[in-house]
Each structure stands twice: as C-alpha cells, then as structure tokens.
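From just these sequences and the hints, can you work out the full model?
Per our numbering, residue 13 is the first one in the sequence shown, and the count goes up by one each step.
Please note that the accuracy of each hint is not assured.
[As the list claims (entries may be wrong)] Here are the computed distance ranges between Cβ atoms for each label pair:
hint: 1; residue 1: 209; residue 2: 36; range: 42 to 48 Å
hint: 2; residue 1: 233; residue 2: 287; range: 26 to 32 Å
hint: 3; residue 1: 215; residue 2: 284; range: 24 to 30 Å
hint: 4; residue 1: 121; residue 2: 202; range: 19 to 25 Å
Derived from the structure by calculation, the hints contain no laboratory data.
Ideal Cβ positions, reconstructed from N, Cα and C, are used throughout, including at glycine.
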Amino acid sequence: MKKLVTLGLSLVLAGALALPARAEEPLKVVASFSILGDMVRNVGGGNVEVTVLVGPDGDAHSFEPDPADASALAEADVLVMNGLGFEPWLVRLAAAARTKAKYVTASFGVSPRHLTEEEKAQHEEDDDEHGHDEDGYPEAARDFDPHAWQSLRNGVIYVQNIADALADKDPDNALVYQANAESYITELKKLDGWVRSEISKLPQQKRKVITTHDAFGYFGDAYGVEFISPLGIGNEAEPGAGALARLIDQIREQKIRALFIENMSDPRMMETIARETGAEEGGSLYSDALSAPDGPAPTYVAMFRHNVPALISAMQKN
13 MKKLVTLGLS
23 LVLAGALALP
33 ARAEEPLKVV
43 ASFSILGDMV
53 RNVGGGNVEV
63 TVLVGPDGDA
73 HSFEPDPADA
83 SALAEADVLV
93 MNGLGFEPWL
103 VRLAAAARTK
113 AKYVTASFGV
123 SPRHLTEEEK
133 AQHEEDDDEH
143 GHDEDGYPEA
153 ARDFDPHAWQ
163 SLRNGVIYVQ
173 NIADALADKD
183 PDNALVYQAN
193 AESYITELKK
203 LDGWVRSEIS
213 KLPQQKRKVI
223 TTHDAFGYFG
233 DAYGVEFISP
243 LGIGNEAEPG
253 AGALARLIDQ
263 IREQKIRALF
273 IENMSDPRMM
283 ETIARETGAE
293 EGGSLYSDAL
303 SAPDGPAPTY
313 VAMFRHNVPA
323 LISAMQKN
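What follows is the structure, encoded as structure tokens:
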C-alpha cells in the first residue's frame, strides 16, 4: 500500500511538472496603441494583463495622456512602444509616472523608411505646433516614417521583439510566449502572401490611392501601391490652399478614383476633394488604430483583411 501511495504522488507531481508554466499573477503590460496591444495579447495569452493607452479609433499623433495613463505606467512590468518617433508624448509620460517597466521598442530591427523632404517638412510643422520637440525624442527619429507595422514582414519583427521581451521579464513562461509567437508569425506570413497575391491581380497603373495622411508608405513599398496624401506623416494640420489645389490637379490628371479617409480622421477635407475631382470615396481604412471590438478591424489581422479588399475594389475604378 505504501508503494502505491508513493507511486500515486509521483504521478501527480510528474503531471504537475508537465503542465505549461504560468505566472502566479499576469504580467502587467502597457502598450502605447491598439495595434501593439493586439500583438501583445496574441503573444502573451492568459499570462498578460494588457492596458492600451491610445485605444480603438484613437490618434496617437495627437494623444494627450491623463492621470489614469500615468497610473497604469507606474504599475506596469513591461511597456511596449512603437518607436521611430511615433509616440512623442510617451517619454515624458513615462518619466512623470516614474515607471520601472521594461521598455520594448517593437520596431527595433526593421529597415526604416526615410521620409521625403516634403513629408519631413510637414512632420516638423506638426511638431512645432504641438510642442513635440520638447518630448525627448532624438532628432534622427524625425527622418523616419514610423508606421512600419503596415508591412506584415515588419509585423513579424514586432511580434518577435514582444515575445523576447515578455520571455526576458517572465522566464518561467518563455516557452509559452515563444510558441504563441511562432503560431502568430505563421499566420502573419500567410496573410502577407495573400496580400501580395491579391494586389498583384491589379495592373500597376491602377495601383494609386488618395488617403487622408501619409500612413501607408510601408504598405505601398511592400505591396506595390502608390499612396498620395494631402497631409504629411502626422494627422493634425490642414494643407494650405495651394497644396490642396495641386493635389486636386494631380488627381484629375492621373484620373485617380480611389479615395479613402482613415478611421481617426476628419472626413471634411476628403469630401471637398471628392466633390472637386469626381473621385469616389471608398470608405475608411485602418492605419494607426484598430476599430472597436464590434467593428470591421478589431485586430491586426482583421485590419489587413478589411483594408485590402476595400483598396482593390476602389483601385479597379482607376
């Protein structure tokens, strides 16, 4: 009987050791905006508790933190940010919160897209208007387009950076985070192949789109689409009358029919462009923010599944 009891205890212990490791309390992770929050949830699963600072349909370019955001950062174990100058308010917020969180720059390792001189001038104008030059970002970051997640191959890099950071902070669950990341990366690679296949069905001369602000540069480079924007890299300023007139002339000359607003943008300017050019509004694209959970793009994957058919449908009319 004693041997049977000992054997039973051994089997129970062996079964317990075979179970996936799980933290006693979930890691508290703060993500700067909704797309990163979704990536963290996919990698962390039940081992993380995620707080997103700039939520669905929010504009991270002009975000103004409140005391609740500082409190979340003060208690965080990990802070996941985009980098490349995307969150100019975050350095000051983190300092004010005196956070001891592990910092993760999700875009680390991507090949950043350099801004054109025109885009850079608009970016600097936005910074001057909103005081971003005092927020602690290095001047070099202002030379780059921060929207690197718009290429799914860059999204893979983001996910691996997040997995590595979670594993470093919570080594007991490192294998879980890596397994989740590998599964998610497989999904993103398949999605990247689908996007390339769908876009390739359109003749190159039709692949032109007007969007509210220049958030799709990486998408355009990755998938062979030309995006034209009346605004620069930010989303706050209105274009001057001369710039708007030149854009309208360009749309007429190139006969571009595909016209989109972004989910966090004021639609009035694009309504004016549509009226003056005859271009047809193709609905909303999701660029810097996901939709609400009951919307068409509540996840990073769903964002591409929504945007790509909408783009193709509109570009076919060019």
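Going through the hints against the structure:
no.	hint	result
1	209 - 36: 42 to 48 Å	holds (45 Å)
2	233 - 287: 26 to 32 Å	holds (31 Å)
3	215 - 284: 24 to 30 Å	holds (29 Å)
4	121 - 202: 19 to 25 Å	holds (21 Å)
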